[in-house]
Amino acid sequence: MDEKKAAILGEIPRLRRYARSLLRDRDAADDLVQDCLERALVRLDNWQTGESPRRWLFTIMHHLFIDQMRKVNRRGEAAMLPLEAGEAVAQPAEQVESIASREIIDALQAISPDRRAALVMVAIEGFSYAEAANILGVPAGTLMSRIARGREELRGLLDDTARRRAIRIVEK
Amino acid sequence: MIRRDFSERDIHMALDGELPSDERAAYDAWLDANPEMKAKSARFTADRAALRAAFADVLDEAVPARLRKVVLGEVPVKASVPRSRWWLAAAAAVLLVTGGLGGYFAGIDGIGQEDPAEDRLAEQAIAAHVIYAAEKRHAVEVPASDKDHLQTWLSNRVGLKLVAPDLTADGFQLVGGRLLPAGESKAAMLLYEDGNGQRISLFVTTESTENAKGTYAAAQDGPEAVYWLDKGYGCAVVGSLPRERLAEVARSAYTQLVNGLAS
Chain C
1 MDEKKAAILG EIPRLRRYAR SLLRDRDAAD DLVQDCLERA LVRLDNWQTG
51 ESPRRWLFTI MHHLFIDQMR KVNRRGEAAM LPLEAGEAVA QPAEQVESIA
101 SREIIDALQA ISPDRRAALV MVAIEGFSYA EAANILGVPA GTLMSRIARG
151 REELRGLLDD TARRRAIRIV EK
Chain P
1 MIRRDFSERD IHMALDGELP SDERAAYDAW LDANPEMKAK SARFTADRAA
51 LRAAFADVLD EAVPARLRKV VLGEVPVKAS VPRSRWWLAA AAAVLLVTGG
101 LGGYFAGIDG IGQEDPAEDR LAEQAIAAHV IYAAEKRHAV EVPASDKDHL
151 QTWLSNRVGL KLVAPDLTAD GFQLVGGRLL PAGESKAAML LYEDGNGQRI
201 SLFVTTESTE NAKGTYAAAQ DGPEAVYWLD KGYGCAVVGS LPRERLAEVA
251 RSAYTQLVNG LAS
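One line per chain: the protein sequences are C and P, in this order. The first sequence begins at 1 in the numbering used here and counts up one residue at a time. The second sequence begins at 1 in the numbering used here and counts up one residue at a time.
Keep in mind that the hints are not guaranteed to be accurate.
Output of the computed footprint for chain C on chain P, the stretches with three or more beta carbons under 8 Å from beta carbons of chain C [stated by the list, open to error]:
1) 8-14
2) 21-34
3) 48-55
Distance condition first, Cα-Cα at most 30 Å in a straight line; then the derived DSSO-like pairs of lysine-lysine [what the hints assert, rightly or not]:
4) P:Lys231 to P:Lys213
5) C:Lys4 to P:Lys213
6) P:Lys186 to P:Lys147
7) P:Lys147 to P:Lys161
8) P:Lys69 to C:Lys5
9) P:Lys161 to P:Lys186
If you're looking for bench data, these hints aren't it; they were derived computationally from the structure. Note that CB positions come from ideal geometry on N, CA and C, so glycine has one too.
With these hints in hand, go ahead and build the complete structure from the sequences.
In structure tokens:
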């Protein structure tokens, strides 16, 4: 197997993790990874020797994600009406999550895609601000404000969940 | 030591490893002098740890064959049409507020796939089992010690005459039960445990308009459901037992359940 393909294979677990944090549903996330890999293979020649395969692949996948999110937003609600809520959240039944994990994953899904991507890129994937800004194609200042707002929003959502949980317990 | 004013922005930078090392000592002193900022920093640190933990397992999952095949060029041309389903999930995510348990149960159907009633019943039953059978102290709402009340309560809520099957012959004791949402209606879940702490659950709902029976597993190594659907009610027995044993226990549970309904 040639070196480039081996390097791409090695990045799949991280691509899957990033996709999962963006989309939550396992199959949908793997579909996004598959789209990314297919596009990457078509553009194998664009990949400069020496360039980190991780950064290159994350950039491709992020563009796919954001493009689709924009299309979805432009189409507005009409395009989404046929989707039942049930078809939507789609949390695979085999995925055993602790309550804490489920709460934070739910909260992450509820923040805006731009902030979610920025936060995950840095907080989970461990990219530096410079790398993340480069992958997301935004200035460093924009990245930083997305991370800060994302964290605040996440905290607020988690607090709401905790409050609702407390109320439920009291009502029992 | 470099003197400068710090702000919230520095909390993020420090957390993300972007604070210059020669500013670290001054930053720490600033944090110590500002309890509010220090609490914020601690909270963000904890949230980040929770985020990482929530997704940590993904790295250990086996890479799906379909993804490997794309890279290795083993995908037949026809199969390599662009994926399009994933963005439906993204679209839905835009609309969704944080889903509680209701969202969880509503959401297990997957995207764009066929959704026959028996799959839905089995998936709901498996989802409930996965969550509650793992709970040590909060597995049930009403314990087996209060069996009469449990049966009356669940019968009234679900709308069926529910008699908790006696599975002692199969080595299982009733732990208790709880009420759950199931699509538009409600479901009763009864939890049983054997001497080794192995648990199975019985999931009963009135949401059924067809006749079907079968087994269903959502994941290769996950629990399996044996289900029956009849007009007016559906039932699934879920557990991680060897298939034949599960089928046996399920048959016993089902027979008693049906007799109970008719009694």
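Comparing the hints with the structure gives:
Under a criterion of three residues with beta carbons nearer than 8 Å to beta carbons of chain C, the stated coverage of the segment 8-14 of chain P is upheld, 4 such residues being counted. With 0 residues having a Cβ less than 8 Å from any Cβ of chain C, the segment 21-34 of chain P misses the three-residue criterion, and the hint is violated. For the segment 48-55 of chain P, the stated coverage by chain C is satisfied: 7 residues place a CB nearer than 8 Å to a CB of that chain, which reaches the threshold of 3. In summary, the hint linking Lys231 of chain P to Lys213 of chain P is supported, as the alpha carbons are separated by about 12 Å, within the 30 Å threshold.
For the given pair, Lys4 of chain C sits about 49 Å from Lys213 of chain P by alpha-carbon distance, which is inconsistent with the 30 Å threshold. Pair hint Lys186 of chain P plus Lys147 of chain P holds up; C-alpha atoms about 19 Å apart against a cutoff of 30 Å. For the suggested pair Lys147 of chain P and Lys161 of chain P, the alpha carbons sit about 14 Å apart, so the restraint of at most 30 Å is met. Restraint check for Lys69 of chain P and Lys5 of chain C: satisfied, since their Cα atoms lie roughly 11 Å apart, inside the 30 Å limit.
Restraint check for Lys161 of chain P and Lys186 of chain P: satisfied, since their Cα atoms lie roughly 14 Å apart, inside the 30 Å limit.
Hints 2, 5, counting from the list given before, are not met by this structure.
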